[in-house]
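Position one of the sequence shown corresponds to residue 196 (the working numbering), numbered consecutively onward.
Honestly, the hints are just simulated from the structure, not real lab data. Note that the Cβ used here is the ideal one computed from N, Cα and C, for glycine as well. Hints may contain errors.
Straight line, CA to CA, 25 angstroms or less: simulated DMTMM-like cross-link-like pairs of lysine to aspartate or glutamate [to be verified]:
id, residue 1, residue 2
1, LYS262, ASP219
2, LYS474, ASP324
3, LYS391, GLU496
4, LYS325, GLU453
Restraint ranges, calculated between C-beta atoms of paired labels, are given here [stated by the list, open to error]:
id, residue 1, residue 2, range
5, LYS233, THR359, 44 to 50 angstroms
6, ARG313, HIS247, 33 to 39 angstroms
7, LEU315, SER265, 43 to 49 angstroms
8, PRO205, LEU340, 27 to 33 angstroms
9, SER355, ILE479, 42 to 48 angstroms
10, CYS377, ILE454, 24 to 30 angstroms
11, ASP324, ILE349, 29 to 35 angstroms
12, LEU295, GLY379, 14 to 20 angstroms
13, PRO485, LEU295, 40 to 46 angstroms
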Amino acid sequence: SASLATSDIPWNGPIAAVRIGSIDGQFIMNPTRQQMQKSDLNLVVSVNPKGHLVMIDASANRLSDEKFFSALEYSIECCLPIIDQIKNLSNKTKRTNIELQKFDNTLVDKITILCYDRVLKVFTNFTFDKIARDTAITAIRQDILNELLLKEEISSTNLSDTFTYVVKKIFRNLIFEKSHRCDGRSFDQLRSINCKINLYQPLHGSALFQRGQTQVLCTVAFDALDSQYRNNDFVWRTGYKRKPFILHYEFPPYATNEIGRAYGRADRRELGHGALAEKAVEPIVPNELPFMIRLTSEVLESNGSSSMATVCAASLALMEA
Numbered sequence: 196s197a198s199l200a201t202s203d204i205p206w207n208g209p210i211a212a213v214r215i216g217s218i219d220g221q222f223i224m225n226p227t228r229q230q231m232q233k234s235d236l237n238l239v240v241s242v243n244p245k246g247h248l249v250m251i252d253a254s255a256n257r258l259s260d261e262k263f264f265s266a267l268e269y270s271i272e273c274c275l276p277i278i279d280q281i282k283n284l285s286n287k288t289k290r291t292n293i294e295l296q297k298f299d300n301t302l303v304d305k306i307t308i309l310c311y312d313r314v315l316k317v318f319t320n321f322t323f324d325k326i327a328r329d330t331a332i333t334a335i336r337q338d339i340l341n342e343l344l345l346k347e348e349i350s351s352t353n354l355s356d357t358f359t360y361v362v363k364k365i366f367r368n369l370i371f372e373k374s375h376r377c378d379g380r381s382f383d384q385l386r387s388i389n390c391k392i393n394l395y396q397p398l399h400g401s402a403l404f405q406r407g408q409t410q411v412l413c414t415v416a417f418d419a420l421d422s423q424y425r426n427n428d429f430v431w432r433t434g435y436k437r438k439p440f441i442l443h444y445e446f447p448p449y450a451t452n453e454i455g456r457a458y459g460r461a462d463r464r465e466l467g468h469g470a471l472a473e474k475a476v477e478p479i480v481p482n483e484l485p486f487m488i489r490l491t492s493e494v495l496e497s498n499g500s501s502s503m504a505t506v507c508a509a510s511l512a513l514m515e516a
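Work out the full structure: start from the sequences and follow the hints.
So this is what it looks like as structure tokens:
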């Protein structure tokens, strides 16, 4: 935030972020690791100059709504002085902002005229699933590019980016004007949900959770505490010494109809989604269980929030176990 505020890049900052903990009912700003071990709350919040929330990342041990909202208010109070200091720094060293290249309005109008009816027809055809919808939009994109590249002296990249801008604009207008999404659901309507448990008898627990076109298979394995994960000596001094509860999140390419190496080293996305799901499930696992617990979540199909589907599947698998 401070770097951007002193650069020549135009943006809507500065922002500030703090971590909030809670010990014995008292909020603590930027607690130490030792304090976090006693805290009922691990909240990270970023705030803009108007005191509006930009990002929230949190895990808690059965925290009440009232206390959580109080923590958010406290985090805003902590962030605003930091923003003031960044503003002071920016006023001393600020450069003149560069002008970002904007879309050519003439080109936007041409593409809109050519594709509006076709794109609108795709977004209002509620029989389409995600793959069919993406395929139809890709075909329209290619037709528009083929037609305009013969007439306009412009790069295909610029044309493609402008087409994407137009499609997003049509999509947003459809939502705000018609109050429904591209699959026909209203704002407060969930996708269809199907659940199955005890799919594999030899396992300690298993569950399949499906919400729309997102499907997750989660399995549970118990073992002795001697099998729990142990960090090396360096990590011992900076984080967990042992972890009796682990959730592995796997997102193979076929989950989004792609080809590639299905299993191997996890990428940053898989690690992040796994950590998110683990934080959601871990507080409900009793500490006195004499077991090492490993949850493995495999995303079989994905069209929106596979991490939250993982949390649901993990809950089912643990209850079945």
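Hints, one by one, checked against the model:
1. LYS262 / ASP219: Cα-Cα ~12 angstroms, so holds.
2. LYS474 / ASP324: violated (31 angstroms)
3. LYS391 / GLU496: holds (16 angstroms)
4. LYS325 / GLU453: Satisfied, since the Cα-Cα distance of roughly 14 angstroms is no more than 25 angstroms.
5. LYS233 / THR359: 44 to 50 angstroms: Roughly 48 angstroms apart at Cβ, these two residues keep to the hinted range, so it holds.
6. ARG313 / HIS247: 33 to 39 angstroms: At roughly 38 angstroms between Cβ atoms, HIS247 and ARG313 fall inside 33 to 39 angstroms, so the hint holds.
7. LEU315 / SER265: 43 to 49 angstroms: Because 46 angstroms falls inside the window, the suggested range holds.
8. PRO205 / LEU340: 27 to 33 angstroms: For LEU340 against PRO205, whose Cβ atoms are near 29 angstroms apart, the range 27 to 33 angstroms holds.
9. SER355 / ILE479: 42 to 48 angstroms: holds (46 angstroms)
10. CYS377 / ILE454: 24 to 30 angstroms: The hinted range 24 to 30 angstroms holds for CYS377 and ILE454, with Cβ atoms some 26 angstroms apart.
11. ASP324 / ILE349: 29 to 35 angstroms: With a Cβ separation near 33 angstroms, ASP324 and ILE349 satisfy 29 to 35 angstroms, so the hint holds.
12. LEU295 / GLY379: 14 to 20 angstroms: Violated, since LEU295 and GLY379 (Cβ atoms, about 36 angstroms apart) do not stay within the stated range.
13. PRO485 / LEU295: 40 to 46 angstroms: violated (59 angstroms)
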